[in-house]
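2 protein chains.
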Amino acid sequence: MIERRTPIPVGEAVQRVMQYQLDGQTEYVPIQESYGRYLSEDLTATSDVPHFDRAPYDGFAVRTIDTKEASQTNIVEFEVVDHIGAGMVTTKKVGPFQAVRIMTGAQMPEECDAVVMLELAKAFEKDGKNYMSIKRSYKSGDNVSFRGEDAKEGDILIKKGIKINPGIQAMLATFGYANIPVAKKPIVGLYATGTELLDVHDALVPGKIRNSNSYMIAAQIERAGAEVQYFGQLPDEFETCYEAVKNALGQVDMLITTGGVSVGDFDYLPAIYEKMQAEVLFNKVAMRPGSVTTVAQFEGKLLFGLSGNPSACYVGFELFSRPIIRRMLFSEKPHLRKEKAILDVDFLKANPFTRFVRSALTVSDGQLVASPSGVDKSNIVMSLAGANSLMILPGGTRGFEAGSEVAVLMLEDFDGSEWPW
Amino acid sequence: MIERRTPIPVGEAVQRVMQYQLDGQTEYVPIQESYGRYLSEDLTATSDVPHFDRAPYDGFAVRTIDTKEASQTNIVEFEVVDHIGAGMVTTKKVGPFQAVRIMTGAQMPEECDAVVMLELAKAFEKDGKNYMSIKRSYKSGDNVSFRGEDAKEGDILIKKGIKINPGIQAMLATFGYANIPVAKKPIVGLYATGTELLDVHDALVPGKIRNSNSYMIAAQIERAGAEVQYFGQLPDEFETCYEAVKNALGQVDMLITTGGVSVGDFDYLPAIYEKMQAEVLFNKVAMRPGSVTTVAQFEGKLLFGLSGNPSACYVGFELFSRPIIRRMLFSEKPHLRKEKAILDVDFLKANPFTRFVRSALTVSDGQLVASPSGVDKSNIVMSLAGANSLMILPGGTRGFEAGSEVAVLMLEDFDGSEWPW
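Protein chains in written order, with UniProt numbering: chain A, 1 to 421; chain B, 1 to 421.
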C-alpha cells in the first residue's frame, strides 16, 4: 500500500513548527568562557566610558587660559609640576602657567582643559626645575577624551540574542561583567534509526553503510548553538524504536530522529507518533530534498523526524530545527539568513517543488555568487562538505540559467533572518 | 626625548612576521570532538561510495531483459521472491520474471540491473504468492545508484587546513575515521601591561580602567583557532615585566603583550626586547590604528607587542598574529579574507596612513556594503562590538564618498586569503 500524504508549502511548515517554540533560559558563565555564547539579557553600560576625562595622547596637560597669548612670535613657558602615566592621578593643584606631563590614558588634572601633544612642546630644565614651552594657543577641550564620550551609564549597548564576539568581550570587561548572563544551550536529543547503519568504528559489510547522519546533525546542532545528547542507533523494529523515542523525550528540550520517516515498508516513525498520540504537524513538505520531513509535538515538545537521506536530513534540520534552537538562544532573527546572489552556472533541471540546492557562496567583485557545491543528488554526502549555503530554486520553474538572480540561505552565518523570508 | 621610529608599510610588516611561522602539529581527537577543528591531513576516501550498487527509491529490483516487451498494451508480470529493506541483503537468486521488493538504500540483488519505482508497479497476490506487474520497459541502470558513483576509494576529498563543518563530519563518519587528525591548537601566551588596569571584578577608581584588552584578545585567539594561556596583568615596572616576559616565552608557541609598546615614559617593552636581545622586526607600521605595533623574535619565537589601545590592539592581532596561528592550523590562506564592497556613507577624513576602519559588512541586493561600525576613534571599544570587518582605506587619500568601492577584510570568515592581498 502506498500511503498518500499531502505536501504543504515550506513556509507553512516552518510556521507550524514555530508555534511550539520554547522559552530560552539564562545561565551565568565566567567572562573567560562566554565567547561564542548568546547574550540572554541586554548589555547595559554600568558607568560612563571613559569614566573620567583623559589624555588621548602623550603630552602636557595645561589650562587653556594660560595659552591664549602663545604664538610663533610669543613663546609661552610652563613649569612642569608633575609627571603621570596611565593609571596615575596627580596630587598637585595646577596653577597659572603650570603644566603636568601626562601619558596617553591618564586622568586629566582637575584644573586643566587641554593637552599639548609632546611633539608640539619643547621641554627643558632651568634652575633644577622642569619646564616646557609652546608657540600656539589651545581651545578648551583640545586633545581631551571627555567622560562619557564613548558611552553613558545606563545606555543599552547590545541587545540580547547577540552572539558574543571579541569586541563584545571587551565591552563586558569594561563594564565589570565578570559573570555573563547567556542563553542556556538547549539540549537536543538525537537517535539514528536504520538497520543498515554501522558504527564509525565498524568495517564495511555488504548492504550496510556507516552512520554519518548522527555526526553531521550533531555538528549542525553545535553550529546552531545547542548541545547534543546522542542516544545511539536504533534498528528498524517498531517496539524498540517506540520505547526509545518515548523515553528520550523527557530528557531533552527537543528530539531529532534520522530515518524511518518515509513510507517505506520498514519506516516506523509515523506509527510511533500515532501510538504516542503525538500531534503530527506535517509529514510531507513541498520541497526537495527533505519532502518526507515529519514534525510532531507531544506535550509541547517537538519531535523532528528527519529523513535518513543525508541531504534531506541536513536541509530538514536547517529549515525546521535550527530556528527553534535560535529562539531558545533569544534570537530575534532565528531563521537562516537569506540574501540574493547571482547563479554562476546553468541549473536547468525542471523543478516541480521548491528545491534547496547545496551551494558554495563566494564573492566576486563585491557581488555574491552561488554555485551548486556538487552534483545535486540527494544521497551525496560529498556535496555537503563544500556547502556554505542553500540556494532556493522555487517550484514550478523550468530551470535557471547562469547569471540569474537566486535567493540563498547562509549556513555559517550568525545573524539570521526574520520570518517570512 | 622623543624616540624616532621609521614606519614600514603594512605588507612589509606582515612579510617580516611570516618568515618566523612555526610548523603545525597533528593530534588525534574522537570524531565527536572534531567539529570546528582544522584537518591536519588530506581526507582520503577509504572505500567507494556507495560501496555497493543500491536502490535510491522504494520499488522492485528487476532484470531489465525481462522488461523488454512491457508496454501499455502488454502488461508483464513478475513474481516477487523477496522483500528487503536498507541494510538487508537478499539470499535469493533472482531468475527470469522474478523481482525483489526493495526499499531505499538496500543493496541490489546481484542479478538485477534496474529498479521499478513503487508508484509505477501494481502489486497483487495470486495463489498465495506475491506478484507485481509493469507497463513499460527499463534500461539497464535505471534507478540504480552504482558503486563508486559518489566517490572512489583513494580520492582526496578534502585538503588539510580546512575547518571541519557538519558536511565534513558526515564524510569522516562515512569513511570510518573514528579519530581525526587535526591541527594541535597553538598556545598563545598573553600578558596585559599597564598600571592603569583594573581587573574585571574591581570597582572603578579615579584614573584607572578595567582591563578589556585581555578578554578581547583571548576571544580573538580563540576565533583564530588557537588556545590562550593568560598570564595576567603586569604593572608598568621594567624589572617585573622583563622577568615575566622572559619566563612566559618558554611555555608558549608565541607571546602577546598589550600595552607598554609606545614611546611613552612608562612604556618598557622596547627596553625589554633590547635587554632580552630579541630581534625587533619592526616597531612602527604605516597604518592607523596600530602604528606602534611591535613584533620581535627571540630564538625563533614571536613576541607580539600590541598597543594598549583597544582598537589598535584588535587590528594588530588580526593583521600580524592571526596568520601565524592559521599557518599552524595548516591553512594555505592564513590571512584575513579580502573582498570588495561599496562604502555606504561618506568617510571624508584625510588619510596620511593606510587606515583600517572597523566596519559592519552587510549585503544589499547581493552586493557587499560596508559602513563604519562606530565613530572611528581608536579608543572606542564600542565600535568593536559591531565590527565584522575592517575596511582598508589606503593612505595618501583625501577621504571617500558614499558609493566608492573599498576593500574589506572579513573578521568572522574561516576561508581566508593568500598573501599578498
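Please keep in mind that the hints were generated in silico from the structure rather than gathered at the bench. Here a beta-carbon is modelled for each residue, glycine too, at the ideal position from N, C-alpha and C. A hint or two may mislead.
[Said to hold, decoys possible] Among the chain B residues that face chain A by a calculated CB cut under 7 Å, a handful are:
id : residue
1  : T174
2  : A244
3  : A248
[Unchecked claim] The calculated label-pair distances, taken between Cβ atoms and stated as ranges, are:
id : chain 1 : residue 1 : chain 2 : residue 2 : range
4  : A       : E12       : B       : Q251      : 26 to 34 Å
5  : B       : P352      : A       : D365      : 53 to 61 Å
6  : A       : E153      : B       : H201      : 14 to 22 Å
7  : B       : G128      : A       : Q25       : 57 to 65 Å
8  : A       : K333      : B       : H201      : 48 to 56 Å
9  : A       : V280      : B       : S364      : 49 to 57 Å
10 : B       : W419      : A       : S71       : 45 to 53 Å
11 : A       : A271      : B       : H201      : 52 to 60 Å
12 : B       : Q19       : A       : A178      : 36 to 44 Å
13 : A       : V280      : B       : K129      : 45 to 53 Å
14 : A       : D23       : B       : Q72       : 36 to 44 Å
15 : A       : K333      : B       : F124      : 37 to 45 Å
16 : B       : T91       : A       : P7        : 45 to 53 Å
Evaluated hints:
With a least beta-carbon distance of about 5 Å to chain A, the hint placing B/T174 at the interface is held under the 7 Å criterion. For B/A244, the interface hint is violated, since its Cβ never comes within 7 Å of a Cβ in chain A; the closest pair sits about 17 Å apart. The restraint placing B/A248 at the interface with chain A is violated, with a minimum CB-CB distance near 18 Å, outside the 7 Å limit. For A/E12 paired with B/Q251, a C-beta distance near 58 Å fails the hint of 26 to 34 Å.
The beta-carbon spacing between B/P352 and A/D365, approximately 29 Å, falls outside the hinted interval of 53 to 61 Å. Distance hint check: the CB atoms of A/E153 and B/H201 are about 19 Å apart, consistent with the given range 14 to 22 Å. Under the hint 57 to 65 Å, the C-beta atoms of B/G128 and A/Q25, about 60 Å apart, fit the expected range. The hinted range of 48 to 56 Å is not satisfied by A/K333 and B/H201, whose Cβ atoms lie roughly 34 Å apart.
The given range of 49 to 57 Å is broken by A/V280 and B/S364, whose C-beta atoms sit roughly 40 Å from each other. Distance hint for B/W419 and A/S71: a CB-CB separation of about 49 Å, consistent with the stated range 45 to 53 Å. A beta carbon spacing of about 57 Å between A/A271 and B/H201 agrees with the range 52 to 60 Å that was offered as a hint. Against the hinted window of 36 to 44 Å, the Cβ-Cβ separation of B/Q19 and A/A178 comes to about 40 Å, which satisfies the hint.
Distance hint for A/V280 and B/K129: a CB-CB separation of about 35 Å, inconsistent with the stated range 45 to 53 Å. At about 59 Å, the beta-carbon gap between A/D23 and B/Q72 misses the expected band of 36 to 44 Å. Under the hint 37 to 45 Å, the C-beta atoms of A/K333 and B/F124, about 54 Å apart, miss the expected range. The supplied range of 45 to 53 Å is broken by B/T91 and A/P7, whose beta-carbon atoms lie about 37 Å from each other.
Hint compliance for this structure: hints 2, 3, 4, 5, 8, 9, 13, 14, 15 and 16 are not met, and every other hint is.
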